[in-house]
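Kindly generate the complete structure, drawing on both the sequences and the hints.
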Amino acid sequence: MRHFEMDKLQARGGSVGKSKHHESAIKQVCGKANYVDDFAEPAGCLHGYPVLAPVAAGFITSIDTKEAESLKGVVRIFSAKDVPGKIDIGPVFPGDILLTDHEIEYFHQPVLFVVADSYDTARKAARLVKINCEETEAVLDIHEAIEKQNWVRPPHSLQRGDADSAIKSAKHQISGELSVGGQEHFYLEGQVAMTQLNEDGGIFVQSSSQHPTEVQHLVAKILKKPFNFVTVEMRRMGGGFGGKETQAAPWACLAALATYHLESPVKVRLARADDFRLTGKRHPFYNHYTAGFDENGLIEGVHIEVNGNCGYSPDLSDAIVDRAMFHADNAYYYPAAKIVGNRCKLNTVSHTAFRGFGGPQGMIMAELIMDDVAAKLGQDPLTIRKANLYRPGRDVTPYHQKVEQHVLAGMIETLEKDAQYWERKEAIKAFNKTSPFVKKGLAMTPVKFGISFTVQHLNQAGALIHIYSDGSIHLNHGGTEMGQGLNTKVAQIVAHAFGVDFETVGVTATRTDKVPNTSPTAASSGTDLNGMAALNAANTIKDRLIEFVASHFEVEAESVEFNDNKIIHAKGEMSFAELAELAYMKRISLSSTGYYATPKIHYDRAKAEGRPFFYYSHGVALSEVEIDILTGENTVTRADILHDVGNSLNPALDIGQIEGAFIQGMGWLTTEELQWKDSGELASSGPATYKIPAIGDTPTEFNVSLFDSANPETSVFRSKAVGEPPFMLGFSVWSAIRNAISSLADYKYAPDLNTPATPETVLNAVVATKQWAADNLGANEDTQDEGVSHV
Amino acid sequence: MIKFLLNDTVTEVQSSSPSLTILEWLRTTTGKKGTKEGCATGDCGACTLLIGEEITNNKGETHWHYKTLNSCLMLLGNAHGKHIITVEAVALTKYPELGDLHPVQRAMVECHGSQCGFCTPGIIMSLLALYINNETYPGKTAAIHALGGNLCRCTGYNPILKAAEKAFEYDRAEEPWSAMAIKFKESLLSEPQENALPYLEDNQRKFYLPQTVSQLVELTATYPEASIVAGGTDFAIELSQHLLKPEVVISVSQTSELTQFSEKDGQFEIGAAVPYCDFVDALCTTYPESKELFERLGSTQVRNSGTLGGSLGNASPIGDPAPLLIALNATMDLQSVKGTRTIKVEDFFTGYRQTVLAADEVIAKISIPKRSESLKLACHKVSKRFEDDISTVCLILAVEHANNVITSARFALGGMAAIPARAPKMEAQLIGGRLDTKTFMKAGAVVEKDFSPMSDVRASANYRLITTQNLMQRIGYEFSQAIPVNNITTPSARISHASL
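From first to last, the protein sequence lines are chains A and B. Everything in the first sequence is counted per numbering that gives the first Met the number 0, starting at 0 for the first residue and increasing by one. Everything in the second sequence is counted per numbering that gives the first Met the number 0, starting at 0 for the first residue and increasing by one.
Since the hints were derived computationally from the structure, they do not count as laboratory data. Worth double-checking, as some hints may not be accurate.
Stated by the list, open to error - Partner residues are not named here, just some residues of chain A that face chain B (Cβ under 10 Å, in silico):
(1) 36
(2) 37
(3) 116
(4) 119
(5) 271
(6) 482
(7) 594
(8) 598
(9) 658
(10) 704
What the hints assert, rightly or not - The calculated lysine to aspartate or glutamate pairs, modelled on DMTMM-like cross-linking and capped at a C-alpha distance of 25 Å, are:
(11) A/71 to B/237
(12) A/432 to B/200
(13) B/58 to B/280
(14) A/167 to A/294
(15) A/71 to B/200
Note that beta-carbon positions come from the ideal geometry of N, C-alpha and C, so glycine has one too.
Given below as structure tokens:
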């Protein structure tokens, strides 16, 4: 199907561009929006729970299930031997083992699967299984993995020009390193799946998954059945964030395995601590760079190495580290660049997709470099950032895609003025001179984020529309609803196409038997892909209806309009419902599929050249923070954001995505700290020890505006993807904290600040900065807080 | 048997596991699945519901008061005599449209306060409590306090804060529930009281809800191995995370003598089972310095059920109340069939999660002596996140002085040792010193003589030591007023930022 355009003003009374509330909002506030665990359990439903490995690396020598089996209510304990088909459920490359019967590669890796008559009994029994192992040495430190070249996939590099000689010949050189923390998704609804036999002996799966098609495929493969043996349904998730792209599949597979053998419905639901332990997280990274720049801070060459901690298996890590590399420039032009990406294998759970998909861990290097260059030259960081932005003539990325849309300079200028960057900067400097313990910081950071799956074949989507003979519309598409408002936006698009009220369109659960071979709802692409597929389906039916109206009423096809719930033609008008009824009576098909594939994109990985991205989304954030130099506690007091969503399909939902992403990015960079024990066991295994932002962390003043500009590419109604890009606006918080600390050295020193910037990390940076100031600025510097000591 | 009101339905339960939580009961027995399980440890608030109880004021008038609780932390047996309201009962029509919703629901829809919707039922309940307990919008600070225990991973909270305000802009909704509760109470009173001791039973396992202290101590004498529970905010986590299956649970939450609170001549007597929400305001009037400590203790839901007896009885090294009580030289009464003994709170802890409490003893009450005229009190809590987080370091310093010379010092810290502990070396440095910054910094310098803390998931040992030392400097500034206190605002004052 062709990629085609539609003017949003073409239909009157349409709903595109309006702030419709989320299609499930009323159900949600009444407690009537059902998630997988809320559906009535079929009679005889059993409950399954995995048995977990007690070491991070080793080999199983023996397993004792006697005590577990003797527990009343235990039905059966499954092992790898019970899997009739493939045991490896790796989504792209092999390596993810459903149940291991030999080698253990991470602490708490699933070994067996207990099925019992209740959730409590299954959990209890799983803990009674004794697994004896011969322990081997685990790799738990990324530096050790780098040293040993312990990779899950081979390294890859991007190269443009001769970076090393550009750096060498530049007036100034600088280098730095950064450890970037991972992140737990903490979707509020944990992993869950329920399976049962369908009426023909196949398997029906309800799974909280961003990728029902992959769940379908993997269930079929472990059972050695064709794909049509399995149907997966997904109405809504209680949050996904990438954590249910591949990580939802194991639980659905285990439940299906038990249903297959026991011919009973089976549910698997992970308790929160086990959800933390057993599912992958955002990759922690260790990165370093060397850069050369001139006296104005203009970058001449960079060499950046990013090392992703992938955990024990490839999962999606190849594409994730690629995206980190693709975004190591963020919004800045590097005349010469070498960007190397390593995929490190460690004995932890396999890290996975998380909003930004590696992009944030690469992009932070660009912001680190800008702040470091500014400190080195004694310039304001914003001046350096502006100077280095992509602009016409300086517009080719390290992967040789030309940047064609240049809006960031204007966006920065707008925010600079509206949020009074320079006035506030001066006020903060004055405040910091007299405030003994609290220091303020301010930073503005831009985001340029590439939109498209970098795996080309995923950039396709399908949709299915039926118009019933009363004019009500049934909409189904291959995307999944996880709170982002995808169903709302796609329904708005379809309502708009038919010129009917939003309420006319009903969206139903995503099902693999309605729209086949779908891509995950990921890469911010949900609306771009499924919205366009739905629009194509709508237009197919609309074309039929126009043709019918033209011949039935003997009018010109051009005169037929769909507006205000009516069909208007040269000789009269009728309601949309009347037309549906009439078309049915005259035997016109009122149902159609729609299909879409993103144009223009290509990437030659061997050459590391191409156009992996259809377009870029942009944003700018300005954050003001306060830190306490006695304790390292920190808080964001104000944030101002200007973000580019193209022509907004739904401003309220888009702003909701931007606000939520900013806070999630802020949490990643400040309070959310993953910690593993020396044994390799996850120490921060629940919300008591892993702290996502709470309501008081929302900045006191929080202003979000949409940048008014259409997508130059022909996306659906010229809108832009919004899920991931604003996550990286959170960098402004991290950069502002560095700015506050560097006030202790008269802004001449940019301290190392690994993420997350917890109170302890900030306090360490404060100590280091004061030390630098003492060594380099002399004793006559005004340091009123000289008494602050450290042990 | 226990009996309570669930929404508009009188509910009786006799046979049930003694360790069943309201959340599990709602989701597995009643089919009410609107209340969600996000974490089952009281950290996320997705399972928040309202609990109503009859309150008698000092004039003897009664009314029904509703407050939020985490249903994952509340044992079913503790519901006896109460009114539980779940999210299903908030809208009064079956298939509501926008206009049929309760104002808090409508505001959440109109402000786009739900995205994935999984935390939403809990947020609705917290907003509902805010709404029915305030005639008009009580301000952003109150809204943040009401919602501090409700995590949302999607919205970034901005639309939820807006909804909290907007709910008060519509026509005021009548509160229909207390009328139901009054009827329920009348029906209870009209029944013969054959069951003076409410209980639950499941095969051999039992739950008892003694109404008097004599019933209580007899039960603890009979079942010395029983688990004693008050609000359940810690105990229920043992159940859900460690899968404990206690044979006998004795709840003190309705033992009348343990639920009394009094303030007489500046002296506080706090029953071990009085939830924080019922005494903190009065305590903070006398000790305003401790306000932040209590505002940041758990969440509203936790403070609505958690108790001093529970916190001390658990003997956690990081519970916030113990350092305060030690610094204020509080005592506690321990009671059994043999009688009552009074000990100092600081003598209660003997080791990591170990106390002097005998198997048949219960904590009956905590007494705080009258505040001395010259007392200067500093309370500092440092944690990764401001709200609903466990202290990395909790530091309470109480000094008395005469003519600006320190005459006594009681310095108690949490998070620095296996038990909440005093700092004798640092105290010794303070006593006799002048009330100036130098004295406090000198005391801070010997922190390592008192403590060798652990490194753990919250922070390193080194961070705990530096922070303690640095906070002594801050206290020096505060106490000596070397600079005006409002010039040393802390970022942890973000709640007050929010109210600006």
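> Looking at the structure, which of the earlier hints fail to hold?
Replying inline: Going through the list in order, the structure violates hints 3, 7, 8, 10, 12 and respects the others.
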